[in-house]
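> Start from chain V and add chain U according to the hints.
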Amino acid sequence: AAGVIQSPRHLIKEKRETATLKCYPIPRHDTVYWYQQGPGQDPQFLISFYEKMQSDKGSIPDRFSAQQFSDYHSELNMSSLELGDSALYFCASSLQLSEAFFGQGTRLTVV
Amino acid sequence: KQEVTQIPAALSVPEGENLVLNCSFTDSAIYNLQWFRQDPGKGLTSLLLIQSSQREQTSGRLNASLDKSSGRSTLYIAASQPGDSATYLCAVKGTYKYIFGTGTRLKVLA
Numbered sequence: 008a009a010g011v012i013q014s015p016r017h018l019i020k021e022k023r024e025t026a027t028l029k030c031y032p033i034p035r036h037d038t039v040y041w042y043q044q045g046p047g048q049d050p051q052f053l054i055s056f057y058e059k060m061q062s063d064k065g066s067i068p069d070r071f072s073a074q075q076f077s078d079y080h081s082e083l084n085m086s087s088l089e090l091g092d093s094a095l096y097f098c099a100s101s102l103q104l105s106e107a108f109f110g111q112g113t114r115l116t117v118v
Numbered sequence: 087k088q089e090v091t092q093i094p095a096a097l098s099v100p101e102g103e104n105l106v107l108n109c110s111f112t113d114s115a116i117y118n119l120q121w122f123r124q125d126p127g128k129g130l131t132s133l134l135l136i137q138s139s140q141r142e143q144t145s146g147r148l149n150a151s152l153d154k155s156s157g158r159s160t161l162y163i164a165a166s167q168p169g170d171s172a173t174y175l176c177a178v179k180g181t182y183k184y185i186f187g188t189g190t191r192l193k194v195l196a
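So the protein lines, in turn, are chains V and U. Counting in this note's numbering, the first sequence tops out at residue 118, every number present. Counting in this note's numbering, the second sequence tops out at residue 196, every number present.
Bound conformation, chain V alone (with noise of 0.2 Å):
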């Protein structure tokens, strides 16, 4: 069955640069979410959009921004990298109430 497939699944950038981290999800997914974890944490939620349209928005940087596509899949555009930004970044998608479907995830590695 397909998954939700990340990319890149790894990402070393400078500080002050910009990444892009793109998500597509499970076909037919209704609901794409965003998460960040930094080492020894829990997933923090960043934002999601249902149906192609920001659904909601948690403790995201305003450095950061995403959106989703007409194909369904979205991408997380992160400006002005810091070192504090190194972290996993997940991406999930759901239908409706059904169960979540976390990708593999990008390592992003500031230096």
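One or more of the hints may lead you astray.
[Claimed, not checked] Below are the SDA-like pairs computed for lysine to any residue, each with C-alpha atoms no more than 25 Å apart in a straight line:
(1) K193/U - Q48/V
(2) K20/V - I67/V
(3) K87/U - D69/V
(4) K128/U - E82/V
Simulated from the structure, these hints should not be mistaken for laboratory data.
Chain U in isolation, oriented as in the chain V frame:
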């Protein structure tokens, strides 16, 4: 604001033991609750989903219960194995987001 807590934070048990992981949440207005497993540096694997109208769900050696009114869920693991060693996370679903618990780090000793 929804807060999700898991107890214990860490657990080390000998192989073969039955064990219970606890998850509590402060706002009972949830749509569902999901239990996940996470291996170090890896993604989140869904174990069980309990809808708000359900009391429990079972999958193999795993059984999860939900008491929405008291804000509690438990994950029961029967006959634990070394391969069960991982971090277990519960997550409660609001309208358009999941809020994760603090996790329980489980180590099953051979």
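> Each hint needs a verdict: does it hold in this structure or not?
Hints, one by one, checked against the model:
1. K193/U - Q48/V: holds, 18 Å
2. K20/V - I67/V: OK: K20/V and I67/V at ~19 Å, within 25 Å.
3. K87/U - D69/V: The hint holds at about 21 Å.
4. K128/U - E82/V: holds, 20 Å
Against the hints set out earlier in the document, no violation occurs for any number.
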